[in-house]
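From first to last, the protein sequence lines stand for chains A and B.
In terms of the working numbering, the first sequence opens at residue 1 and continues consecutively.
In terms of the working numbering, the second sequence opens at residue 220 and continues consecutively.
It should be emphasised that the hints constitute simulated quantities derived from the structure, not laboratory data.
Glycine included, every Cβ here is placed at the ideal spot set by N, Cα and C.
Any given hint could be a false lead.
As the list claims (entries may be wrong) - Straight-line Cα separation of at most 27 angstroms, DSSO-like style, residue types lysine-lysine; simulated pairs: (1) A:Lys174 x B:Lys273; (2) A:Lys208 x B:Lys223; (3) B:Lys333 x A:Lys208; (4) B:Lys299 x B:Lys254; (5) B:Lys283 x A:Lys174; (6) B:Lys254 x B:Lys242; (7) A:Lys213 x B:Lys223; (8) B:Lys254 x B:Lys223; (9) A:Lys148 x A:Lys121.
Claimed, not checked - Derived Cβ-Cβ restraints for the label pairs, each shown as a range: (10) B:Thr235 x A:Val179: 41 to 47 angstroms; (11) B:His379 x A:Ile161: 27 to 33 angstroms; (12) A:Gln165 x B:Phe373: 44 to 50 angstroms; (13) A:Gly194 x B:Lys282: 33 to 39 angstroms; (14) B:Ser318 x A:Gln165: 45 to 51 angstroms; (15) A:Val179 x B:Gly295: 52 to 58 angstroms; (16) A:Thr143 x B:His379: 52 to 58 angstroms; (17) B:Ala236 x A:Val179: 39 to 45 angstroms; (18) B:Phe239 x A:Asp205: 30 to 36 angstroms.
What the hints assert, rightly or not - To give an idea of the chain A side of the interface with chain B (calculated C-beta under 8 angstroms), a few residues: (19) Val16; (20) Ala21; (21) Asp22; (22) Glu65; (23) Ser67; (24) Ala178; (25) Gln196; (26) Tyr199.
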Amino acid sequence: MELTILQIFLMIDIFVMGALADMAIRHAYAHFKQPQKQIEEKAPLKDKPQVADHLPAKVRERLIESSQIHFQSVLNRSATTLERDLKTTTSKMTKQLDKVGSEIILSEMKRYRGDLEALRKQAEAIIENAQRDVVEHQDELKTEMAKKQADLEAKLKDEIIAEKQELAGQIDSKLSNAVASFLVETMQHEIDLGAQTAYLTKMLDEHKAELVKELMDEA
Amino acid sequence: MKLKLPDSIASPQDVTALLFEVKEYSQWFAHESIKIESHIKHVSKSPELSTGAKILLQELSDKKPITKESLDELIGVLNKYCDNAPIMTITLAAPATNSVKEILVAWCRTNLAKNTLVNFQFNTSLLGGMVVRFGSHIFDWSFRRQILANKNNFPKVLRHV
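Isolated chain A (complex conformation) (with noise of 0.2 angstroms):
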């Protein structure tokens, strides 16, 4: 729409140049060509003698003269107003030109500020969403990540129990091997008191001498 309104105000302008520079050109032209005009005039002025003849030939070359002056000041006079509306003309579309320029970059600003913002709070929308998002999963896999540890935790006890209890049977047993095989070989012999006879009698044996000195002390 801005580029369409932009096209029409460049060719009015275009327009309004091509018209100032045709009138330019008439008058270049008709300023150019006005000595021999102005001569074929004369010249039947001088053909028709009896228009001027009345005139004394000093007042008529003063008039031409005068004429001349003055055709030649208008002349300048029209050409200075021209050039004069010439630069008035090309300052006013330098004007227009740098206001409309201004507008159109202001406008394009303005859109590239409007697209940009929309861009911005779409960006920001979706960053939203993506951090809501990420907030969630991260809730979930929280959740998530509880529960297996929950989960492992438990299992983890009931592994640890189980082999702690599987240790213990273990050590129950290697310990109760170790006492038995311990007190056999300490004891090496029956702890039935039945079959301690001849395990008395020997240590008796084997201390007698120091009972008999005992027994001899005593007396």
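Add chain B to chain A, keeping to what the hints say.
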């Protein structure tokens, strides 16, 4: 008078009980002697005697006929026995059976002194073996002491299980 107690008479309490039985028998014997001298036909029943007392009186009667004097002499010997016999105290891990008692008493009377008296006690914490107290000495030959004395060998045994 030489006295040889059966091995079943082990402790001073056994000797005291035996002495009591012998005194009772002596009293009965005196009564019966008086009845015989008085020609009284009534005969009272002799007191119940333990196996040890029977053996002892049998040994006495084997040497010479039992008289009031011989019984009095036996009572005197038993009294001296109680006063002079060396006493040993043996503590076992369980109550000693008669066979165990007799074996240990026989060993003591064979190897230490013929009149040795043995007190038997029990303490389950010993696990096995025995603790002998004789005179002023205590000889600990219990399993408990052996286990505690060898407890440093426990890891070594454990490694071999």
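Task: Hint check, failures only - done: The structure conflicts with hints 1, 4, 5, 8, 9, 12, 19, 20, 21, 22, 23, although it agrees with all the remaining ones.
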